[in-house]
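A.B. asks: Sequence:
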Amino acid sequence: MKEKLDDELIELISFVQMSSYREKILFALMDKLRTPSKISKSTNIKMSHISTILKELSDKNLIKCLNPQKRQGRLYTTTDKGKKVLKYIE
1 MKEKLDDELI
11 ELISFVQMSS
21 YREKILFALM
31 DKLRTPSKIS
41 KSTNIKMSHI
51 STILKELSDK
61 NLIKCLNPQK
71 RQGRLYTTTD
81 KGKKVLKYIE
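Using the UniProt record's numbering, the letters of the sequence shown correspond one by one to residues 1 to 90.
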C-alpha cells in the first residue's frame, strides 16, 4: 500500500512529471547504476540535455552521483526519495 502523500512528495512528483526527460531519466536509473552516456543511449535523449537534467534531479535529491570526484565515468543512481517518487508515477 502506498504511503500518505506529504506536500514535499507531491511537489517532487509534479516536478518530475512536468518534463518527459526528467521522467525518462529517473526511470532509467531505477535500481541501476549508469553513466550519462548509458542514460543517453537508453532514453534516446541527447547528451547536451542529459547533464542539465541530471543536475536538476540531483538538486532535488532524487538522484545521486556515486563518484562526483571523477570527470568521466560518473555513476548515477536514484536516492530513496527518487524511488518514492517513482512509485507514484509508474
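Among the hints, a few may not be true.
Heads up, simulated EDC-like pairs for lysine to aspartate or glutamate below, C-alpha to C-alpha not over 20 angstroms straight-line [as the list claims (entries may be wrong)]:
hint, residue 1, residue 2
1, Lys55, Asp6
2, Lys83, Glu8
3, Lys87, Asp31
4, Lys60, Asp6
5, Lys24, Asp80
6, Lys70, Glu23
7, Lys60, Asp31
In short, the hints are calculated from the structure, not lab data.
A.B. asks: Taking the hints in turn, state whether each one holds.
C.D. replies: So, going through the hints one by one against the coordinates:
Of the pairs offered as hints, the one joining Lys55 and Asp6 is violated, with about 24 angstroms between alpha carbons and a cut-off of 20 angstroms exceeded. Distance hint between Lys83 and Glu8 is fulfilled; the C-alpha atoms sit about 14 angstroms from each other, no more than 20 angstroms. Of the pairs offered as hints, the one joining Lys87 and Asp31 holds, with about 12 angstroms between alpha carbons and a cut-off of 20 angstroms not exceeded. A threshold of 20 angstroms between alpha carbons decides the hint, and for Lys60 with Asp6 the separation of about 15 angstroms falls inside it, so the pair holds.
For the hint linking Lys24 to Asp80, the alpha-carbon distance of about 17 angstroms falls within 20 angstroms, and the restraint holds. Only pairs whose Cα atoms come within 20 angstroms are accepted, and Lys70 paired with Glu23 is rejected, the gap being roughly 25 angstroms. A hinted pair counts as satisfied when its Cα atoms are at most 20 angstroms apart, and Lys60 with Asp31 qualifies at roughly 18 angstroms.
Hint compliance for this structure: hints 1, 6 are not met, and every other hint is.
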